[in-house]
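Student: Spelled out from the first residue to the last, the chains are:
There are 2 protein chains.
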Amino acid sequence: MPATLKYNTKQRAQDRARILQILLTNKAVASGILGRLPAPDVRTPEQDIAEIVTLVERLPAPDLADVLEALPTEERHALWSLVKEDKRGHVLIEAAETVWDDLIEDMSDKDLLKALRPLDIDDQIYLAQYLPRDLMGRLLATLPQEERAQVRKVLHYDKHSVGAIMDFEVITVRADVTLAVVQRFLRLRGKVPQNTDKLFVTTRNKTLLGELGLTTILLHPPETPVLKVMDDNPTCFAPEDDDEIAARTFERDNLVSAAVIDSSGKLMGRLTVDEIVDVVYEETDNDLRRMGGLSAEEDVFAPVTKAVRARWAWLAINLCTAFVASRVIGMFEHTISQLVALASLMPIVAGIGGNTGNQTITMIVRALALQHIQAGNYSFLVLRELGVALINGIVWGGVMGAVTWLLYDDPALGGVMTLAMVLNLLVAALMGVLIPMIMTRLGKDPAVGSSVMITALTDTGGFFIFLGLATIFLL
Amino acid sequence: MPATLKYNTKQRAQDRARILQILLTNKAVASGILGRLPAPDVRTPEQDIAEIVTLVERLPAPDLADVLEALPTEERHALWSLVKEDKRGHVLIEAAETVWDDLIEDMSDKDLLKALRPLDIDDQIYLAQYLPRDLMGRLLATLPQEERAQVRKVLHYDKHSVGAIMDFEVITVRADVTLAVVQRFLRLRGKVPQNTDKLFVTTRNKTLLGELGLTTILLHPPETPVLKVMDDNPTCFAPEDDDEIAARTFERDNLVSAAVIDSSGKLMGRLTVDEIVDVVYEETDNDLRRMGGLSAEEDVFAPVTKAVRARWAWLAINLCTAFVASRVIGMFEHTISQLVALASLMPIVAGIGGNTGNQTITMIVRALALQHIQAGNYSFLVLRELGVALINGIVWGGVMGAVTWLLYDDPALGGVMTLAMVLNLLVAALMGVLIPMIMTRLGKDPAVGSSVMITALTDTGGFFIFLGLATIFLL
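Top line first, the protein sequences correspond to chains A and B. To convert, note that position 72 of the first sequence is 72 in the numbering used here; the numbers rise steadily by one, no gaps. To convert, note that position 462 of the second sequence is 462 in the numbering used here; the numbers rise steadily by one, no gaps.
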């Protein structure tokens, strides 16, 4: 029996790995699937293709989404062409945004709409809104009148709001019936939406009165009235709420689902933990990418030209900041020509500053994201980081100063080294705290390009401080 | 009604913010709580203290954990001293590891064990194992014989395994009973563990046969036998499974809970989505921190001395790599003394390489974490990154070469600049892909210090390439 029980996850993982293996070890397989003739000297891939066809048929949509994400463009196209139409919508909604572009490339608007049809209406809307092609008009046209009105209502919510990720399908019950009635109603209904752990108790005009957990129904006698056992003070969200803050609340309260209500208290839909898990994955991932100036959309398998375009802007910015740093050194070329050792030593000052600054800014960006930092503790954090920098600067700056002294037999140069390191570490600490905080104050995402900015400042600052001090004290 | 409904989350958020505000705007409040005399010229904080006492009483444990995480040490101690003993265990389990140290500092082993007592046994064990104090022996001594055996069984699981985060409390039913019997059994039981969305169907000796969703119980007629409606092929985990991989499976299959079975198919416990959400937060957070050489345990509010110690090692490593880079430049001091412009230009080459390398390595580390990269596509990725680097190198290197030519009126210097940038971008791309992959092959976490390593390589490489080329072509 355990063998059967384990089949599920293990076998699926093996199936996923097998598809990747076949597609990646023999280029001819993808060509074969896509109908291009394989080169005559390549082993004919018919068997492999047949195997993939079987695997694709067997694997559920989320697994296919994972495999598609892990393939380069050509192989991705080949695999996608094997996915049956009725599965494509589900694969799309499970797949990362980074691969959408590739997947829908060869599909007509009509095919795409057909693929969306098996999905829940909220998922259809989400895809229609955010797929890299505007389908909203055509989707609306296919919907019945009443649904169209519902859709129009949620269209204006921001992509990172609760409204954009909420689920419309909710089960509502009245407060004045008994649990027996509720249970009969559920049996009649025959099925419940995924991740249903509670029903919503509303008035006739949809005003939310409370929530009725499935466990509550099961644990209480059937004659109990809903009103007596419902939770009349549940955690609710507004559609305008930020999705990351909703995620924190889900985590804090261990929620599986929660009601979304409009400003008048009417039930609009619900938020489920599976969407929240996606938000959490996406949120932290994006922070990581944004710090280094990587776009949230860049796919690790995107073709070269796309990747070049995605990184173009940040590279240009980086080049400009590097150029500024270079010009700062240029100001001191006379000093360097007098004492060429400065050229060897200056990257140490800049590098240590960059490293420390990046550590500080990473901590602050994450602490801001997790809402650990409030207005009241700004000054504490600045002072703390300055304290850490001062100690590290004195200790390690002292070490480097001594090494410099020994190396160049020049105590004054050693002293300048130590002083420059202390000062640049202080700059790094100060900026590492202030940049994300100022960005937040200005209403910007503190993660975006923070690493690029801090490195620019500590480089330029490091060169200026070190060469400036050298000019004053050594010439 | 909507006002009441919203009370919950909104009011709690306000309460949390209010505690932080009071504690952070007037240092005397924390001193007052901790029984130290406030300075005579500070406004007497009695009222503020009284307000905090009320708020602490009102706020649930997860909210208190959040507030504690957002406070500096002194204020944290003050707030913790106000948390009632019966709430402390719950706050501890909800709080980030980074603050455990601070919280338990003033508690005796006895107090701690008392605080743990209200928790589920799995949470008690988790804390006893991972709190920065060894409580396991004393905890075991307090447990009844049978529980002790169960505990001993899970003690050897790794911290990042399913075994360490699983929940022991499961409801099991037999396959040969009807749903009516199950429902009667549940009513008799009176309550179910949190996040119960399914019961587990087992044989008498605990071998897992299948799962019975609560919705299944509600949707089918009471006379249906469990055997007929149970899911006999559910997703299960082994206690040795990696928690991050389990999290991916939860995300893929939209699970709320899942069985954990031992190698013989016996049910050991279950994994719930609330633990999974914590794993996801922690996982991505740690990746971010590890890349820059920040320890996973560093708390943004840790006192200076602790922060210094936490960053000591990486700073030393960074200093060594910077020193190596400096010595590489030192090798070319003769070249620089002939052409001092090289000193100004070399950081551009190094900086661009560092930026590109960091972008590449971030993408690869995340793709590895999300299991998007398999052995089969290594070479594709290397070629792709090299392609991107080549194009960017030629374009931006060309631009910088032209600027250099204009600036120094030296076409050869411009040529060297372009060539050096192209080469260093290639080094950055190659190393950005290879470092994390080699680390993974060696069984190491590819995130740890990856940013520090790539920067060291692109700095040293950049200086060597640029100054080397200059020595060959310009002298």
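Hints are computed from structural coordinates only; laboratory data are not their basis. Don't take every hint at face value.
Just so you know, same-sequence chains aren't split out, so a pair can sit in one copy or run between any two.
What the hints assert, rightly or not - Under the rule of at most 25 Å between Cα atoms (straight-line distance), these lysine to any residue pairs were calculated in the SDA-like manner: (1) K87 - D241; (2) K191 - R174; (3) K159 - S263; (4) K159 - V304; (5) K266 - G137; (6) K110 - Q129; (7) K84 - T178; (8) K10 - K306; (9) K110 - S264; (10) K444 - Y281; (11) K191 - V229; (12) K191 - P118; (13) K159 - D285; (14) K27 - M437.
Student: Now look at each hint and say whether the structure bears it out.
Tutor: Now the hints, each set against the structure:
1. In this assembly of identical chains, the alpha carbons of K87 and D241 never lie at most 25 Å apart, being 32 Å within a copy and 30 Å across copies at closest.
2. Within a single copy, K191 and R174 get their C-alpha atoms as close as 19 Å, and across copies as close as 24 Å, so both meet the 25 Å cut-off.
3. When the C-alpha separation of K159 and S263 is checked against a cutoff of 25 Å, the pair qualifies only within one copy, where the shortest distance is 19 Å, while the shortest distance between copies is 44 Å.
4. When the C-alpha separation of K159 and V304 is checked against a cutoff of 25 Å, the pair qualifies neither within a copy, at 28 Å, nor between copies, at 40 Å.
5. In this homomeric assembly, K266 and G137 never come within 25 Å of each other (Cα to Cα): the closest approach is 27 Å inside a single copy and 53 Å across copies.
6. Taking CA atoms no more than 25 Å apart as the test, K110 paired with Q129 passes inside one copy only; the shortest distance there is 16 Å, against 57 Å between copies.
7. When the C-alpha separation of K84 and T178 is checked against a cutoff of 25 Å, the pair qualifies neither within a copy, at 45 Å, nor between copies, at 39 Å.
8. In this assembly of identical chains, K10 and K306 lie within 25 Å of each other by CA distance neither inside one copy nor across copies; the values are 35 Å within and 43 Å between.
9. Taking the shortest alpha-carbon separations for K110 and S264, neither the intra-copy value of 38 Å nor the inter-copy value of 51 Å comes in at or below 25 Å.
10. Taking the shortest Cα distances, K444 and Y281 sit within 25 Å of each other both inside one copy (21 Å) and across copies (22 Å).
11. For a Cα distance limit of 25 Å, the shortest separation of K191 from V229 qualifies both inside one copy, at 23 Å, and across copies, at 13 Å.
12. When the C-alpha separation of K191 and P118 is checked against a cutoff of 25 Å, the pair qualifies only within one copy, where the shortest distance is 16 Å, while the shortest distance between copies is 37 Å.
13. Taking the closest pair of Cα atoms, K159 and D285 come within 25 Å of each other both inside a single copy (16 Å) and across two copies (23 Å).
14. Taking the shortest Cα distances, K27 and M437 sit within 25 Å of each other only across copies (22 Å), while inside one copy they are farther apart (49 Å).
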